[in-house]
Amino acid sequence: MTTAAYQIGAPAKTTTLTHQYVAFGIMTAFFVVAPIFIYPVFLMQALCFALFACAFNLLIGYVGLLSFGHAMFLGTAGYISAHAAKVWGFPPEFAILTGTAASALLGVVAGALAIRRQGIYFAMITLALAQMIYFFALQAPFTGGEDGIQAVPRGTMFGFLDLSDQMTLYWVVLAIFLFGFLLIYRIVHSPFGQVLKAIRENEQRATSLGYKTDHYKLIAFVLSATLSGLAGATKAIVFQLASLTDVHWTMSGEVVLMTLVGGMGTVFGPIVGAAIIITMQNYLAGFGEWVLVIQGAIFVVTVLLFRRGIVGEIAAYLHSKSKSKSVPAEAEQAA
Amino acid sequence: MFELLGIPPQALFGQLLIGLINGSFYAMLSLGLAVIFGMLNIINFAHGAQYMIGAFVAWYALQYFGLDYWWSLLIAPIVVGAFGVVLERTMLQRLYKLDHLYGLLLTFGLALVLQGFFLNEFGSSGLPYPIPPSLQGGQNLGFMFLPNYRAWVIVFSLVVCLVTWYLIERTKLGSYLRAATENPTLVQAFGINVPRMITLTYGFGVGLAALAGVLAAPIYRVNPLMGADLIIVVFAVVVIGGMGSILGSVVTGFALGIIEGLTKVFYPEASNTVIFVIMAIVLLLKPAGLFGRTA
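In order, the protein sequences belong to chains L and V.
Following this note's numbering, the numbering of the first sequence begins with 1 at its first residue and continues without gaps.
Following this note's numbering, the numbering of the second sequence begins with 1 at its first residue and continues without gaps.
Only pairs whose alpha carbons sit at most 30 Å apart, straight line, appear in this in silico DSSO-like list of lysine-lysine:
{"#": "1", "chain 1": "V", "residue 1": "LYS97", "chain 2": "L", "residue 2": "LYS197"}
{"#": "2", "chain 1": "V", "residue 1": "LYS97", "chain 2": "V", "residue 2": "LYS172"}
{"#": "3", "chain 1": "L", "residue 1": "LYS212", "chain 2": "V", "residue 2": "LYS286"}
{"#": "4", "chain 1": "L", "residue 1": "LYS321", "chain 2": "V", "residue 2": "LYS97"}
{"#": "5", "chain 1": "V", "residue 1": "LYS97", "chain 2": "L", "residue 2": "LYS212"}
{"#": "6", "chain 1": "L", "residue 1": "LYS197", "chain 2": "L", "residue 2": "LYS212"}
{"#": "7", "chain 1": "L", "residue 1": "LYS197", "chain 2": "L", "residue 2": "LYS321"}
{"#": "8", "chain 1": "L", "residue 1": "LYS197", "chain 2": "V", "residue 2": "LYS286"}
Think of the hints as simulated: they come from the structure by calculation, not from any bench.
Okay, chain L solo, but in the shape it has when bound:
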């Protein structure tokens, strides 16, 4: 019972690079064209959550650490950037940076505590720390309690991008998302990322090879927290609101769900998952608490029936197809 047979977020057979370049091209083209026929505010919401899910996936998919408290980074960054923009009068780029930096700092503290335990303890610790942040946000004077921070000014970015124009705002959000996405891609496909995957597969062996696994885990945790913070800070500027919803444990659960549905440990899975969950929430907004029931049911079905998630299953299918193609070719060669 020491090592589980199937590690969580285990590699859905890595897709080839061409597949990924094609998928990246399609995704970028989609987001460039999409505002013509989809409401831009909805797209921006999806982009913020997609970045949040990608940042979460960095931890669960590539280090195998299940954080059940990622809402604390999304929410803290949202509150700080909203406060910076509204009360301190920061321009949006500095407001977002301040919020992101606050989450990074929180990530250092929370990460240093949480990586002291493994597996489900790690999940419980992150959940408990996030609940602590939630109560702090509920009681602290500057967060506005139940009301949150409302009417946050969007301002003018770099002095010339007027964010009150919806399309300008959209391009800025898209740029932030692509920056975060490519950064994560770069991290995962670097030597550092290889060490992270080694830790996920077998931490003891990684230690025995001389890697200080705790350092790597902490750095990954802080990176994930920082990028979650970037998503939260951007979201606060876009929606001009920072509220308790973003620090509540249900938000931590939602990002787990997005990543799980899309495919843990896949590059594009979290984006697909975020799009699906956000779309679903918008359509079901009128059905009250049934959203909760449906989300729970999706959790159960995904865990029981397709753990690799949508993108993971597609990748596995493509892999098996290319394998069956190459097997007869080898047979011919042998003959």
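Starting from the structure of chain L, add chain V where the hints point.
What follows is chain V alone, placed relative to chain L:
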């Protein structure tokens, strides 16, 4: 009357009592979590939801079948425990070969489904549940007023915890259980039906949660969200105590309840977060938990 650090004794002992009550629930719930974790190696995120359902079963029994509190103490654990057995047989069982985290994700999904369902049916304001007539009223102890029902909750949950401890640590059945926790394959080779034992363990743990729910029903209102926030605190209690020892989780549960109550007297702003702060300190000093075994 005397005063302690400027705090009137009524307030002090009143909060101590509330702390003890909360501690009883922390102890019973973390005990159930520990028992389930020992056998199934999963953290039962649905524990809070099952505690809530226990309270609702009591409410249903009174409302529609005229069965009073005492019957509910018996019925609710059986009904909810049976429900747990079904869950284990149909769903959890498929996950044992996988990473333990999948069990957490599955039970989290179950908790959402259950809470959402009850929220749709009853809304979030909650329903009143009367204190049974024989436990109404209270005792004047001179320094404070002790309601009978609250005294009963503390005594009863202590007894339940001790009985559970006895069952697991001192009986033959318990020794099988402990052996199966250590090495299920070997115990199965001795001819003991381990899968059935796992199922019953889950049913028992869930039943404990439901029993706590019935105890809680007259104190807090019967509310679909009563377990949601509680379970997060119980997770912190479990991290502090470590899941290695039965008595450890009981002691930790009661102690943290009391500390929380005292915090409410001396520094009320921190009363919501004090347990999480203690968790952080314990993680720094003794990462395996106070009673935990280092893996």
